[in-house]
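Protein chains: 2
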Amino acid sequence: MSRALHPPPPAQDESKFLDFYFDFISPYGYFALHQIEPLAARHGRTLRWHPFHMRAVTKDVLGMTQALADVPLKGAYVRHDVRRMARYLGVAYNPAPAASFSSVTASRVFYLIQERDPAAAARYAHAVFHSQHALAQPPNTWDQCTALATQAGVDAAALVEAEQAGRARELFRQATEDAVAQGVWGTPTFITDQEMFWGCDRIAQLDEWLQRGGW
Amino acid sequence: MSRALHPPPPAQDESKFLDFYFDFISPYGYFALHQIEPLAARHGRTLRWHPFHMRAVTKDVLGMTQALADVPLKGAYVRHDVRRMARYLGVAYNPAPAASFSSVTASRVFYLIQERDPAAAARYAHAVFHSQHALAQPPNTWDQCTALATQAGVDAAALVEAEQAGRARELFRQATEDAVAQGVWGTPTFITDQEMFWGCDRIAQLDEWLQRGGW
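Protein chains in written order, with the numbering used here: chain A, 190 to 404; chain B, 190 to 404.
Hints listed in this document are in silico derivations from the structure and should not be mistaken for laboratory results.
What you are looking at is a predicted structure, and each value in this text was computed from that prediction instead of being measured.
Be aware that a few hints might be false.
[Unchecked claim] Simulated pairs of lysine-lysine, DSSO-like, Cα-Cα distance not exceeding 30 Å: (1) Lys263/A to Lys248/A; (2) Lys248/A to Lys263/B; (3) Lys248/B to Lys248/A; (4) Lys248/A to Lys205/B; (5) Lys248/B to Lys263/B; (6) Lys205/A to Lys263/B; (7) Lys248/B to Lys205/A; (8) Lys263/A to Lys263/B.
[Stated by the list, open to error] What follows is a set of in silico ranges between Cβ atoms, one per label pair, in the way DEER data are often shown: (9) Arg276/A to Arg358/B: 40 to 48 Å; (10) Phe206/A to Glu226/B: 36 to 44 Å; (11) Arg358/A to Gln363/B: 48 to 56 Å; (12) Tyr277/B to Lys248/A: 28 to 36 Å; (13) Thr330/B to Asn283/A: 50 to 58 Å; (14) Asp249/B to Val349/A: 48 to 56 Å; (15) Gly342/B to Ala230/A: 53 to 61 Å; (16) Asn283/A to Pro261/B: 28 to 36 Å; (17) Lys248/B to Thr235/A: 39 to 47 Å.
[What the hints assert, rightly or not] Derived, one-sided and incomplete: chain B residues facing chain A with beta-carbon distance under 7 Å: (18) Leu236; (19) Val260; (20) Pro261; (21) Leu262; (22) Lys263; (23) Val267; (24) Ala288; (25) Asp390; (26) Arg401; (27) Trp404.
Glycine included, C-beta positions come from ideal geometry on N, C-alpha and C.
Isolated chain A (complex conformation) (with noise of 0.2 Å):
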């Protein structure tokens, strides 16, 4: 039953696309964001967003309870190079503390999005990823959620009686078990060709793969 909710799609030219898996949460997503739909048009692919949720694959796949932001020297690295890295990418940066955050439903209600408007859920994405790291305003309720949404252009009304059925929860399920049989463990990861690279750091070498053809 949850299979009729995502069924495989048709078979379709895959060297068309470039998958890009994130969890809203996550700060080298957000600036990932600012540089792969350049990448991807670059080379004529189609970007196919898939937000996932991060703390139940770390938590339930990988087996690590700490959070990252605990862990210790770390957690103290990260928080540093975050900044470092949004003044080298000229990226506005100003987050909600990552605790104030639950990307849970902001995440559903990109699912309810893309089902109708794929467009419209990539600005939503936008809107998301900004609302949380560049306005430090979380989007956690269903309420902030459509608001980002009705800014996106997307009618909330639709969503509402979409999210009725509880179809929401289940794609979002769905999606991070999708993304986990694709062997997503990280975020942001990007995946073309069946090729994987995980980190924000490692578009420039994602970026002459798709330029040489691999290697």
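Position chain B against the provided structure of chain A, taking the given hints into account.
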């Protein structure tokens, strides 16, 4: 007493140095090796080598019990990524299984050499990395390590004499403690002018940092 082994160095102009922290067992440390020496030379910096005991840090400081290779999905990704990275960099890569190599003895011998002859220690470090990661010959024993030292132009008899005092063990223990005190938690890590970069995929950013004097 352990402090006496590693007294604080006399005040030095830190802008003349680049610090390279690694564990010989790390393939990404091996890949970094091929890039970091020319980078240091381009910026007129002396490379300081700091092998440390990554497993001790992972376990005792980070609180991680799983070996990276055993982490679901992530382990498989890394196994794929290291081969792709080796092809990308054009570096010979034919490693002995990580489980067949303990870097402890090789690292202890490194510090014995370094006390006497830093240039020979750098040559020896190349030989250790090469043996493990390119020749699939893990240098585990004292004899295997001193054979590599001899190839690097070191008088092995002097090493035997130094080691009789149990000095090598203490130097390596202290080096790992010093790495942690610097905030190092992964391999490879680079520190320049108190700025830390983790990962061989950050070498381009480190290069730019040195060129621009930060940002």
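Here is how each hint holds up against the structure:
1. Taken as a hint, the Lys263/A and Lys248/A pair is honoured in the structure, with Cα atoms around 18 Å apart against an allowance of 30 Å.
2. This hinted pair checks out: Lys248/A and Lys263/B have alpha carbons roughly 13 Å apart, not beyond 30 Å.
3. A C-alpha spacing of about 18 Å is found between Lys248/B and Lys248/A, which places the hinted pair at or below 30 Å, so the restraint holds.
4. Among the hinted pairs, Lys248/A with Lys205/B is inconsistent with the structure: their alpha-carbon atoms are about 43 Å apart, more than 30 Å.
5. Our distance criterion of 30 Å between C-alpha atoms is met by Lys248/B and Lys263/B, whose separation comes to about 18 Å.
6. Proximity of Lys205/A to Lys263/B is assessed by CA-CA distance (about 26 Å); at most 30 Å being required, the pair is judged to hold.
7. A hinted pair counts as satisfied when its Cα atoms are at most 30 Å apart, and Lys248/B with Lys205/A does not qualify at roughly 43 Å.
8. Taking the CA atoms of Lys263/A and Lys263/B, the gap is near 17 Å; set against the 30 Å cutoff, the hint holds.
9. In this structure, Arg276/A and Arg358/B meet the distance hint of 40 to 48 Å, their C-beta atoms being roughly 42 Å apart.
10. Between Phe206/A and Glu226/B the Cβ separation comes to about 40 Å, which falls inside the hinted range of 36 to 44 Å.
11. Checking the proposed 48 to 56 Å range against Arg358/A and Gln363/B shows it holds: the Cβ atoms sit about 53 Å from each other.
12. Hint check: Tyr277/B to Lys248/A, Cβ distance near 32 Å, so the stated range 28 to 36 Å holds.
13. Evaluation of the 50 to 58 Å hint for Thr330/B and Asn283/A yields a pass: the beta carbon distance comes to about 54 Å.
14. A beta carbon spacing of about 52 Å between Asp249/B and Val349/A agrees with the range 48 to 56 Å that was offered as a hint.
15. Between Gly342/B and Ala230/A the beta carbon distance is about 54 Å. The supplied range of 53 to 61 Å therefore holds.
16. Between Asn283/A and Pro261/B the Cβ separation comes to about 35 Å, which falls inside the hinted range of 28 to 36 Å.
17. Our hint of 39 to 47 Å for Lys248/B and Thr235/A holds, since their Cβ atoms are close to 44 Å apart.
18. The interface hint given for Leu236/B is violated, since its Cβ lies 21 Å from the closest Cβ of chain A, which is over the 7 Å cut-off.
19. Using the Cβ-Cβ criterion of 7 Å, the hint placing Val260/B at the interface with chain A is satisfied: the shortest such distance is roughly 6 Å.
20. For Pro261/B, the interface hint holds, the least distance from its beta-carbon to any beta-carbon of chain A being 5 Å, beneath 7 Å.
21. The interface hint given for Leu262/B is met, as the beta carbon of that residue sits about 4 Å from the closest beta carbon of chain A, less than 7 Å.
22. Of the supplied interface hints, the one on Lys263/B holds, with its beta-carbon coming within about 5 Å of a beta-carbon of chain A, less than 7 Å.
23. This hint is violated: Val267/B has a C-beta 9 Å from the nearest C-beta of chain A, more than the 7 Å allowed.
24. Using the Cβ-Cβ criterion of 7 Å, the hint placing Ala288/B at the interface with chain A is not satisfied: the shortest such distance is roughly 19 Å.
25. The beta carbon of Asp390/B comes within 5 Å of a beta carbon in chain A, closer than 7 Å, and the hint placing it at the interface holds.
26. Of the supplied interface hints, the one on Arg401/B is violated, with its beta-carbon coming no nearer than about 10 Å to a beta-carbon of chain A, more than 7 Å.
27. At its closest, the beta carbon of Trp404/B sits 5 Å from a beta carbon of chain A; the interface hint therefore holds under the 7 Å criterion.
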